[in-house]
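Protein chains: 2
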Amino acid sequence: MLGEWLLKSRPMSEILQGAAVIGQSGGPTVVINQSLVGFVQAAVPAEAITAVYGARHGVKGMMAGDLIDLGKESDSTLEAVAKVPAAALGSVRMKPTAEDVAKMIDTFRAKDIRYFFYIGGNDTAETAHIVAEQSAAQGYDMRCFHIPKTIDNDLRVTDHCPGYGSAARFVAHAFQGDDRDNRSLPGVKINVVMGRHAGWLTAASTLGRRHDEDGPHLVYLPERVFDPEQFIQDVQEVYGRLGRCIVAVSEGIHDADGKPFLQVYAERSGSAMAGMQDSHGNVQLSGTGALGDALANLVKERIEGIRVRADTFGYLQRSFPADASPIDQAEAREVGRAAVEAAIGGEHQSGSIALKRVEGGEYRCETMVTPLSTVAKHTKDMPEEFLSGHQGVSQAFLDYAMPLTGGITPMTDLEGHPVGS
Amino acid sequence: MLGEWLLKSRPMSEILQGAAVIGQSGGPTVVINQSLVGFVQAAVPAEAITAVYGARHGVKGMMAGDLIDLGKESDSTLEAVAKVPAAALGSVRMKPTAEDVAKMIDTFRAKDIRYFFYIGGNDTAETAHIVAEQSAAQGYDMRCFHIPKTIDNDLRVTDHCPGYGSAARFVAHAFQGDDRDNRSLPGVKINVVMGRHAGWLTAASTLGRRHDEDGPHLVYLPERVFDPEQFIQDVQEVYGRLGRCIVAVSEGIHDADGKPFLQVYAERSGSAMAGMQDSHGNVQLSGTGALGDALANLVKERIEGIRVRADTFGYLQRSFPADASPIDQAEAREVGRAAVEAAIGGEHQSGSIALKRVEGGEYRCETMVTPLSTVAKHTKDMPEEFLSGHQGVSQAFLDYAMPLTGGITPMTDLEGHPVGS
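Line by line, the protein sequences are chains A and B. Okay, so the first sequence: first residue is 583 according to my numbering, each after it adds one. Okay, so the second sequence: first residue is 583 according to my numbering, each after it adds one.
Hint data in this document are derived by calculation from the structure and do not stem from the laboratory. Keep in mind that the hints are not guaranteed to be accurate.
[Said to hold, decoys possible] SDA-like, lysine to any residue: derived pairs with alpha carbons at most 25 Å apart:
hint	chain 1	residue 1	chain 2	residue 2
1	B	K642	A	K841
2	A	K665	B	K959
3	A	K642	B	P768
4	B	K654	A	V1001
5	B	K642	A	S851
6	B	K665	A	P985
7	B	K962	B	Y821
8	B	K882	A	P842
9	A	K642	A	G600
10	A	K665	B	K841
11	B	K642	A	D651
12	A	K642	B	D995
13	A	K654	A	A680
14	B	K654	A	K882
15	A	K841	A	Q623
16	A	K693	B	K665
17	B	K677	A	E886
18	A	K642	B	R823
19	A	K665	B	E997
20	B	K685	A	P768
21	A	K642	B	Y821
22	A	K882	B	D995
23	B	K841	A	Q623
24	B	K665	A	P842
25	A	K642	B	H999
26	B	K882	A	D816
27	B	K959	B	K665
28	B	K685	A	K841
29	B	K693	A	H999
What you are looking at is a predicted structure, and each value in this text was computed from that prediction instead of being measured.
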């Protein structure tokens, strides 16, 4: 196993006694607090851990000593907070400098913190890696663990990321509803889904389909080059066949040079789309409806007389509180708990918790520990076997993703018996 | 009662025997098929009703004779379809001309259809009214009933509209999640909610708040004039106080002359926003992120150094399948059933089913019949007692709307015990 490298390089025999601190980092998910609560419930009774602290807004709170005592939270509060979306401790987007980490270690020394846990994505894993290296360089004995979380599902090593299953469930349900809406009042409908570099979440738009006539009919992922001419042809083909067309588009679609489609479109359109660009001429991809509107405009320009609408699902994908995947909730809880076990177990000085799918039988995952360096920095695109043609996904993707959502119930049509003549 | 006018003007003693037809019209809701199924389950066993037909895409199907036999649908299919969003029969946006209605009556005569039911909003009620008048003028004995449905909640007479409770639940949950997201990573967040003329759905954004620090902090409704200067001042005040700000905006916000804000903004900005306008220079309000983006740009132009994002909830508000209000589902089923009872009861030749809140005790509504003319054409804005100042809603609104959603569970914060020194 990858984790064994660390084990062998640094044998640990004694039990490390001290306080633990945890922070949350990066974009929210609806199950990030399940991991927090799983962590607290495992850390509080652990003998090696003398106190359990939470840092407000991640490394910022650790630098400033802005900590709360998680050991004093009641069970009922913890169980309620577990179901609340987004970081209960507050989040942060910040890669700490060496000076920042020195400040953090000052806080750790002052509070005798020997266990560092950080919930987040690949940037968060990198921060944990930096803290691990810098504390070791200072000779401050400390265990550093990353707890995975991201709706983007783009972490390496792990089978999938806690947070993804719930976001995928929301997106699949959203497309099921929108497909019914579009059958009801036909037209072209374009929905923009989060995911700049990898198409995992956009691909989940297909999980509620029963057959070819169900939307989305077209699925554009950043793993493929987006060709506007091909897109128009695709829309024409589906619209000609079904009289309607639902399109799923990742916010990260780009041309052959990797330039975002929205940037290409804004440059081509000149001043008409100036509102989309910031003062540096870069386009803003999330928290705006610009990409959806640009694609809708493109269809309107090129295909006459079609009703075209665009929606951008936006932050709801990562924060809608009422449709979490029960599997995702349970796994997010479990990775928090597993991080405590790994840290106090003594086999690993540092690491990232990953999920490993058990082969055969019903869907089930186990946790494992992987070195921080294997998860930090780089991300994971969808593999070729999950893609299909220039747009769309394969059955292998559906088989992979469906269990993570807790299951998506297919929609039912009326039987539609003809009226007897 | 209003309904008695019809009763007195047209005494009916004989049982009218014949087939029934039902159609669905206007924008989808997630409970519109509950009404369809409530109707079918009541109509099939009714002795007066000889056959139960469904028209594809409303009046279009009735004109073309495009009907299905709903009496042959299995119970299990009906129960599954009841939970599916958007019109299972297909919808239509069309006010039939006298010629169109003549074609419909041809179909009715051919199939001996004596009962006409139409599920939809105020335009749908108007169509039912036109059909009632024209069939009477032709001497074709027919009963015509409107079954209410709209997420906009803007029908007259009825306490509220089936479809609204579920859309309100979705919007309340969406804002709860977005508020947590925004606490987690602070900034200004603007969310655009459906409702061109009335603020009912935007007002529902407040149903998950516990106190003043919970978002949305600002709620702009079309019942008030939208003043961009006041808006900027409001955002500055909230941001200064809390370091973040969540804004709920109805898509129908407008200036003192009733001109949509987006139109005002597009005209002021000139070509930079040209992409928002159609070939007639009118702005498109739904199925686009333009309004949210315009408001975000306004804040960025006027307040420096603030992170501003905008989302437009879009069609998810009327079609998201996984968060329906159980109260709304039950009431939508009930109005479908009540329409059949009213039609075969013989007291009313035509009418619209309305909900009447029973005063005192736990929330409960009864159905009643009101003349089509009282519901057709005109809509209902939020009353003054539900508004508060130049933005926001009153406690009276919250008391009115909360039961319709089935209840919104408040979010829970960590207790946040200080770390002992």
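- Tell me, which hint numbers fail for this structure? Violated hints: 1, 2, 5, 7, 10, 11, 13, 14, 15, 16, 22, 23, 24, 26, 27 and 28; rest satisfied.
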